[in-house]
Amino acid sequence: MRKQLMAALCGAVLLVGGCSTAEEAPPAASSTGGAEVATLQTGTPTPAASATTPQDERPRERLDDTPEDTKERLKPYTKCLTEHGVDITRRRSDGTGADGTDEANKACEHLMPLPPWEFDPANPEAKDFARDVVKCLKDKGVRYVEVGADGTGWAFGGKNNDSESISNGLKYSPACEREVAAKRK
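Heads up: the sequence shown begins at -1 in the working numbering, then just goes up one per residue.
Calculated directly from the structure, the hints in this document are not laboratory data.
Glycine is no exception: its CB is placed at the ideal position from the N, C-alpha and C atoms.
The reader is advised that the hints may include incorrect statements.
Unchecked claim - Simulated DEER-style distance windows between Cβ atoms:
no.	residue 1	residue 2	range
1	Asn158	Lys77	41 to 51 Å
2	Lys69	Ala153	41 to 51 Å
3	Lys133	Ser165	17 to 27 Å
4	Lys183	Gly149	38 to 48 Å
5	Arg56	Arg129	33 to 43 Å
6	Glu177	Pro65	32 to 42 Å
7	Ala180	Arg141	35 to 45 Å
8	Arg182	Lys138	37 to 47 Å
9	Glu55	Lys133	17 to 27 Å
10	Lys136	Asn103	32 to 42 Å
11	Ile86	Lys183	30 to 40 Å
12	Ser161	His108	21 to 31 Å
13	Gly83	Lys133	18 to 28 Å
14	Thr76	Lys157	19 to 29 Å
Said to hold, decoys possible - List of simulated lysine-lysine pairs, BS3-like, C-alpha gap at most 27 Å:
no.	residue 1	residue 2
15	Lys169	Lys69
16	Lys104	Lys133
17	Lys136	Lys125
18	Lys157	Lys169
19	Lys183	Lys169
20	Lys157	Lys138
21	Lys136	Lys104
22	Lys181	Lys169
23	Lys77	Lys133
24	Lys104	Lys77
25	Lys133	Lys69
26	Lys183	Lys136
27	Lys77	Lys125
28	Lys181	Lys157
29	Lys138	Lys125
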């Protein structure tokens, strides 16, 4: 009965490795001196398909990026747009950037940098980060500041667009972002 149970267990784990019982003889040595091991694998293994998605390959902005870092990170994206026929020097009618075709935008979107992780809606802690930055800004004297509607940003000025709150909020935001990020590491 014990041998039948062992045989059943060995059959169940055959894919993982091998099985032996204390009653079995040790494996015969091969001509090279090593032990022979039965295997189900034949030929050379093939590499597993990549589990990454285009979004995994996208560059990510950082809180401590300089304008030069941002420009460098955007180079592959702008190059791709140019290669797909977009004139990046030509401005949209609203003055905000190059007019791209949907086809070009779709082809190049995997190169468009993602926001810093702290601001990314995919980050489960982004709302906590925003809340902590707002607290920091209030501690620095910004009167009218609140977490933004999306929960991952903040807004200055309140209903009255208080210019002092807007000015100080813009002034202190980078420092508060770094301060809060440093506490979270």
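Checked hints:
About 44 Å separates the C-beta atoms of Asn158 and Lys77, a value consistent with the hinted range of 41 to 51 Å. Between Lys69 and Ala153 the C-beta distance comes to about 27 Å, which lies outside the given range of 41 to 51 Å. The hinted range of 17 to 27 Å is satisfied by Lys133 and Ser165, whose Cβ atoms lie roughly 19 Å apart. Range check, Lys183 to Gly149: about 22 Å between beta-carbon atoms, so the 38 to 48 Å window is missed.
The hinted range of 33 to 43 Å is not satisfied by Arg56 and Arg129, whose Cβ atoms lie roughly 26 Å apart. Against the hinted window of 32 to 42 Å, the Cβ-Cβ separation of Glu177 and Pro65 comes to about 21 Å, which falls outside the hint. For Ala180 and Arg141, the hinted distance range of 35 to 45 Å is not satisfied, since their beta carbons lie about 25 Å from each other. For Arg182 and Lys138, the hinted distance range of 37 to 47 Å is not satisfied, since their beta carbons lie about 18 Å from each other.
One distance hint, 17 to 27 Å for the beta-carbon pair Glu55 and Lys133, is violated here, with the actual separation near 35 Å. At about 39 Å, the CB distance of Lys136 to Asn103 agrees with the hint of 32 to 42 Å. Between Ile86 and Lys183 the beta carbons are some 36 Å apart, a value that agrees with the proposed interval 30 to 40 Å. A C-beta distance of roughly 40 Å is found between Ser161 and His108, which places it outside the suggested range of 21 to 31 Å.
A hinted range of 18 to 28 Å for the beta carbons of Gly83 and Lys133 is inconsistent with their spacing of about 47 Å. For the pair Thr76 and Lys157, the beta carbons lie near 39 Å from each other, so the given range of 19 to 29 Å is not met. Distance restraint check for Lys169 and Lys69: the Cα-Cα separation of roughly 22 Å lies within the 27 Å cut-off, and the hinted pair is therefore satisfied. Of the pairs offered as hints, the one joining Lys104 and Lys133 is violated, with about 38 Å between alpha carbons and a cut-off of 27 Å exceeded.
Simply put, Lys136 and Lys125 have alpha-carbon atoms about 17 Å apart, close enough for the 27 Å limit, and the pair holds. Distance restraint check for Lys157 and Lys169: the Cα-Cα separation of roughly 20 Å lies within the 27 Å cut-off, and the hinted pair is therefore satisfied. With a C-alpha separation of about 24 Å, the suggested pairing of Lys183 with Lys169 holds against the 27 Å cut-off. Proposed proximity of Lys157 and Lys138 is supported: the alpha carbons are some 20 Å apart, at most 27 Å.
The hinted pair formed by Lys136 and Lys104 fails the criterion: a straight-line CA distance of about 40 Å is larger than 27 Å. A hinted pair counts as satisfied when its Cα atoms are at most 27 Å apart, and Lys181 with Lys169 qualifies at roughly 20 Å. For a cut-off of 27 Å, the pair hint linking Lys77 to Lys133 is broken: about 40 Å separates their Cα positions. For the hint linking Lys104 to Lys77, the alpha-carbon distance of about 14 Å falls within 27 Å, and the restraint holds.
The hinted pair formed by Lys133 and Lys69 fails the criterion: a straight-line CA distance of about 31 Å is larger than 27 Å. This hinted pair checks out: Lys183 and Lys136 have alpha carbons roughly 22 Å apart, not beyond 27 Å. This hinted pair does not check out: Lys77 and Lys125 have alpha carbons roughly 34 Å apart, beyond 27 Å. For the given pair, Lys181 sits about 31 Å from Lys157 by alpha-carbon distance, which is inconsistent with the 27 Å threshold.
Distance restraint check for Lys138 and Lys125: the Cα-Cα separation of roughly 20 Å lies within the 27 Å cut-off, and the hinted pair is therefore satisfied.
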